[in-house]
Amino acid sequence: MKLASLKHGRDGRLILVARDLTRGVAVPDIAPTLQAALDSWAESARRLRQRAAALEAGEAAGSFPFDPALCAAPLPRAYQWADASAYVVHVELVRKARGADMPESFWTDPLIYQGGSDNFLGATDPIALADPSWGIDFEAELAIVNDDVPMGASADGARNHIKLVMLANDVSLRNLIPAELAKGFGFFQGKPWTSFSPVAVTPDELGSAWNGGSIDLPLVTTLNASLFGRPNAREGMVFDFPQLIAHAAKTRPLGAGTIIGSGTVANQDRSVGSSCIAERRAIETIETGAPRTAYLDFGDRIRIEMLDRAGRSTFGDIDQTVERYKSTA
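Under my numbering, think of the first position of the sequence shown as 1, with each following residue one higher.
Derived by calculation from the structure, the hints in this document are not laboratory data. Worth double-checking, as some hints may not be accurate.
The calculated DSSO-like cross-link candidates involving lysine-lysine, where the alpha carbons are at most 30 Å apart (straight line), are [as the list claims (entries may be wrong)]: (1) Lys7 x Lys163; (2) Lys96 x Lys163; (3) Lys250 x Lys7; (4) Lys183 x Lys96; (5) Lys183 x Lys250.
Keep in mind it's a predicted model, so treat the numbers as computed, not measured.
From just these sequences and the hints, can you work out the full model?
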């Protein structure tokens, strides 16, 4: 199934989306919002699959053309958003560029931080910020949504709790982050927005590209219509999603609707490019002694997508432009 949320109030209005992303249908009789569906997933999913089959067959009453611009994030807000650094080569490159050693434990113990989840951006919403000197960067990622996960769940057990998969753009303000981390208390101002693909899909929609914990497809990022990177999302993923879920659930249960991100997708092969500007700047620093690529400015456009093996869009595109924030205060 493919699911999306039309913009409506704070939590959106749940719709089913056809596999080819051309049609949608509202399902208020099943669940008004995606969070409501996740809260009773076993029953909701059964009924949603029946309606999805009708949509594919052209038999769903009230279907309409699907427009990503009308969509919020699949979960416009969530009870929890936890982002990891599962692609350790990315961490290694960034630390090497600034002359910092990387602890060996980073290869065996996942890094996860808890981000703001009260307000996510839709896939075509602008990235509105006040000052480009903050070092505006995108981060192309994968993310999963789980149902209720018990405390102490194993990685094998966590595999069954992955209910949805989507793409993410975890916006970072690189010039604010160092001072925040130096305080020893983590991110806050340096992580202003996260946006998600217009559509979240059940893992079965990924076919053979999904192995229960990662996706064997390139994640393609373009900046101002120029290819920036297309690393494979399975290669270099040191910790897959079941491992990340188990790590997050070590000391507490995870509620239905928790979103866990992969962190910036990165490969050892530098010829495939990067999924964020910071990584490219790190490579430039390592190779030439100084970064050359500028961070984002107003008017810059970032696009993130994943195509299946037949060249079809899986999640729809994240397609955003950076603009100046206009205060309404």
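Hints violated by the structure (listed by number, smallest first)
2, 3
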